[in-house]
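J.: This is what each chain is made of:
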Amino acid sequence: SQQGEEDPQALSIQEGENATMNCSYKTSINNLQWYRQNSGRGLVHLILIRSNEREKHSGRLRVTLDTSKKSSSLLITASRAADTASYFCATFPTDSWGKLQFGAGTQVVVTP
Amino acid sequence: GAVVSQHPSRVICKSGTSVKIECRSLDFQATTMFWYRQFPKQSLMLMATSNEGSKATYEQGVEKDKFLINHASLTLSTLTVTSAHPEDSSFYICSARNSGSSTDTQYFGPGTRLTVL
Numbered sequence: 004s005q006q007g008e009e010d011p012q013a014l015s016i017q018e019g020e021n022a023t024m025n026c027s028y029k030t031s032i033n034n035l036q037w038y039r040q041n042s043g044r045g046l047v048h049l050i051l052i053r054s055n056e057r058e059k060h061s062g063r064l065r066v067t068l069d070t071s072k073k074s075s076s077l078l079i080t081a082s083r084a085a086d087t088a089s090y091f092c093a094t095f096p097t098d099s100w101g102k103l104q105f106g107a108g109t110q111v112v113v114t115p
Numbered sequence: 024g025a026v027v028s029q030h031p032s033r034v035i036c037k038s039g040t041s042v043k044i045e046c047r048s049l050d051f052q053a054t055t056m057f058w059y060r061q062f063p064k065q066s067l068m069l070m071a072t073s074n075e076g077s078k079a080t081y082e083q084g085v086e087k088d089k090f091l092i093n094h095a096s097l098t099l100s101t102l103t104v105t106s107a108h109p110e111d112s113s114f115y116i117c118s119a120r121n122s123g124s125s126t127d128t129q130y131f132g133p134g135t136r137l138t139v140l
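Order-wise, the sequence lines are chains V and X. The numbers in my numbering rise by one with no breaks, and the one at position 112 of the first sequence is 115. The numbers in my numbering rise by one with no breaks, and the one at position 93 of the second sequence is 116.
Some hints could be false.
[Said to hold, decoys possible] Here are the computed lysine-lysine pairs in the DSSO-like style, where the Cα-Cα straight-line distance is at most 27 Å:
{"no.": "1", "chain 1": "X", "residue 1": "K87", "chain 2": "V", "residue 2": "K72"}
{"no.": "2", "chain 1": "X", "residue 1": "K64", "chain 2": "X", "residue 2": "K37"}
{"no.": "3", "chain 1": "V", "residue 1": "K102", "chain 2": "V", "residue 2": "K59"}
{"no.": "4", "chain 1": "V", "residue 1": "K29", "chain 2": "V", "residue 2": "K102"}
{"no.": "5", "chain 1": "V", "residue 1": "K73", "chain 2": "V", "residue 2": "K59"}
{"no.": "6", "chain 1": "V", "residue 1": "K29", "chain 2": "V", "residue 2": "K59"}
{"no.": "7", "chain 1": "X", "residue 1": "K37", "chain 2": "X", "residue 2": "K87"}
{"no.": "8", "chain 1": "V", "residue 1": "K73", "chain 2": "X", "residue 2": "K43"}
{"no.": "9", "chain 1": "X", "residue 1": "K64", "chain 2": "X", "residue 2": "K89"}
{"no.": "10", "chain 1": "X", "residue 1": "K43", "chain 2": "X", "residue 2": "K78"}
{"no.": "11", "chain 1": "V", "residue 1": "K72", "chain 2": "V", "residue 2": "K29"}
{"no.": "12", "chain 1": "V", "residue 1": "K29", "chain 2": "X", "residue 2": "K64"}
{"no.": "13", "chain 1": "V", "residue 1": "K29", "chain 2": "X", "residue 2": "K89"}
{"no.": "14", "chain 1": "X", "residue 1": "K37", "chain 2": "V", "residue 2": "K102"}
{"no.": "15", "chain 1": "V", "residue 1": "K29", "chain 2": "V", "residue 2": "K73"}
{"no.": "16", "chain 1": "X", "residue 1": "K37", "chain 2": "V", "residue 2": "K29"}
{"no.": "17", "chain 1": "X", "residue 1": "K78", "chain 2": "V", "residue 2": "K59"}
Bear in mind the hints are in silico, worked out from the structure with no lab data behind them.
Using the sequences and the accompanying hints, generate a full structural model.
T.: Structure (structure tokens):
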């Protein structure tokens, strides 16, 4: 079953702007992961944040995690046209036996 | 490193035929692989967990006799869609966990687009 809820469902921005998307979940987790999917392709792992971490950076990506609110955010700074893709959060629940639970995704379009 | 391949990338078949999709971890061993299906503009839905050397575990609502999974080696899992029908048309994606890694990262294959006529 889908645990993560993401908002917005779709986001349209111009190159150079920042893109922020949010993910909420319901159960206790070991970690939360963000993935990118280009149209018709597989998923690319972007970043993993553990339940005892609050913020993590990787290049132009910044992820936050608030376990008290059961929410996470992904910020893409200085967006590029190549960032156009769907972005999914996936939680690793503590009782999931290794099974990720994916959110509905945010479709991001970056126009030049 | 951590590359997962799928074959074929695209398949079109007639209704009633069976289709086999392969998922390989190219540079690591994976005792556990996962199979997902994804409908257009939707998220990934986990179908089953494939365990090397043992039976797969299926999610609720997924017919094990319809979607046969075999994980014969540490680098290969196969999904066979038996007696495929148009409603089975979907994007099937596998993922693999690196058995030798302490992280929980899953590496995803590029997906297989199945179209059943």
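J.: With reference to the structure, classify each hint as holding or not holding.
T.: To see whether the hints hold, each was checked on the structure:
Taking the CA atoms of X/K87 and V/K72, the gap is near 37 Å; set against the 27 Å cutoff, the hint is violated. With a C-alpha separation of about 24 Å, the suggested pair X/K64 and X/K37 falls inside the 27 Å cut-off, and the hint holds. About 22 Å separates the Cα atoms of V/K102 and V/K59, which keeps this hinted pair within 27 Å; it holds. Pair hint V/K29 plus V/K102 holds up; C-alpha atoms about 15 Å apart against a cutoff of 27 Å.
Simply put, V/K73 and V/K59 have alpha-carbon atoms about 16 Å apart, close enough for the 27 Å limit, and the pair holds. Only pairs whose Cα atoms come within 27 Å are accepted, and V/K29 paired with V/K59 is accepted, the gap being roughly 21 Å. Straight-line distance between C-alpha atoms of X/K37 and X/K87 comes to about 21 Å, which keeps the hinted pair within the 27 Å bound. Between V/K73 and X/K43 the alpha-carbon distance is near 39 Å, which puts this suggested pair outside the 27 Å criterion.
About 24 Å separates the Cα atoms of X/K64 and X/K89, which keeps this hinted pair within 27 Å; it holds. Of the pairs offered as hints, the one joining X/K43 and X/K78 holds, with about 17 Å between alpha carbons and a cut-off of 27 Å not exceeded. In summary, the hint linking V/K72 to V/K29 is supported, as the alpha carbons are separated by about 9 Å, within the 27 Å threshold. Restraint check for V/K29 and X/K64: satisfied, since their Cα atoms lie roughly 23 Å apart, inside the 27 Å limit.
Restraint check: the Cα-Cα separation between V/K29 and X/K89 comes to about 31 Å, which exceeds 27 Å; the hinted pair is violated. A hinted pair counts as satisfied when its Cα atoms are at most 27 Å apart, and X/K37 with V/K102 does not qualify at roughly 32 Å. Taking the CA atoms of V/K29 and V/K73, the gap is about 7 Å. The hint holds against a cut of 27 Å. Proposed proximity of X/K37 and V/K29 is contradicted: the alpha carbons are some 41 Å apart, above 27 Å.
With a CA separation close to 37 Å, the supplied pair X/K78 and V/K59 exceeds the 27 Å bound.
In this structure, the earlier hints numbered 1, 8, 13, 14, 16, 17 are contradicted, and the remaining ones agree with it.
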